[in-house]
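J.: Sequence:
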Amino acid sequence: MTASTIYFHSPAGLVLEHSLDRYAELRYLPTKRQPGDLATLLTQLGRLLLARGWHKFLSDNRQMTPYTNEEKQWFASQWLPGVVPRPTPLTGVVMLPEQVVARLSFLEMSMKAAEGSLRYRTFHELDEALSYLTVLVQ
Numbered sequence: 000m001t002a003s004t005i006y007f008h009s010p011a012g013l014v015l016e017h018s019l020d021r022y023a024e025l026r027y028l029p030t031k032r033q034p035g036d037l038a039t040l041l042t043q044l045g046r047l048l049l050a051r052g053w054h055k056f057l058s059d060n061r062q063m064t065p066y067t068n069e070e071k072q073w074f075a076s077q078w079l080p081g082v083v084p085r086p087t088p089l090t091g092v093v094m095l096p097e098q099v100v101a102r103l104s105f106l107e108m109s110m111k112a113a114e115g116s117l118r119y120r121t122f123h124e125l126d127e128a129l130s131y132l133t134v135l136v137q
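In numbering that gives the first Met the number 0, the protein residues as written are 0 to 137.
The hints are all genuine.
For lysine-lysine, the following BS3-like pairs were computed, each having C-alpha atoms within a straight-line distance of at most 25 Å:
| no. | residue 1 | residue 2 |
| --- | --- | --- |
| 1 | Lys111 | Lys71 |
| 2 | Lys71 | Lys31 |
| 3 | Lys111 | Lys31 |
FYI, nobody ran anything at the bench for these hints, they're computed from the structure.
For clarity, every value in this text was computed on a predicted model and none was experimentally measured.
Working from the sequences, and respecting the hints, build out all of it.
T.: So this is what it looks like as structure tokens:
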């Protein structure tokens, strides 16, 4: 993994900038998210991607806790359809959550992304995810 710079940090997660390989990273932390935390993280991710002109990101969901019903509703109504400003098209390379319930929660949301301009590709191994991410054309 290349060197990164912290773009945004909250108790719920980090948004990191990987300038050399031209991608952003969303890293969930293993804490219970407060209302609005997911919206803030993804809004900051979208801002970074737009500012740099990037169309790909790594989402490290390994420590993620399950989405709440409110987060699922926000994710489906705001993030997936692009209401929150972000590049189009956009590819998310995702490290699946270690918790089974969190994994199912994420997979439920990612299946809804198949209809739009946001594509997700999931991985269990970080090396595989990074290899896929770095060969994606910007």
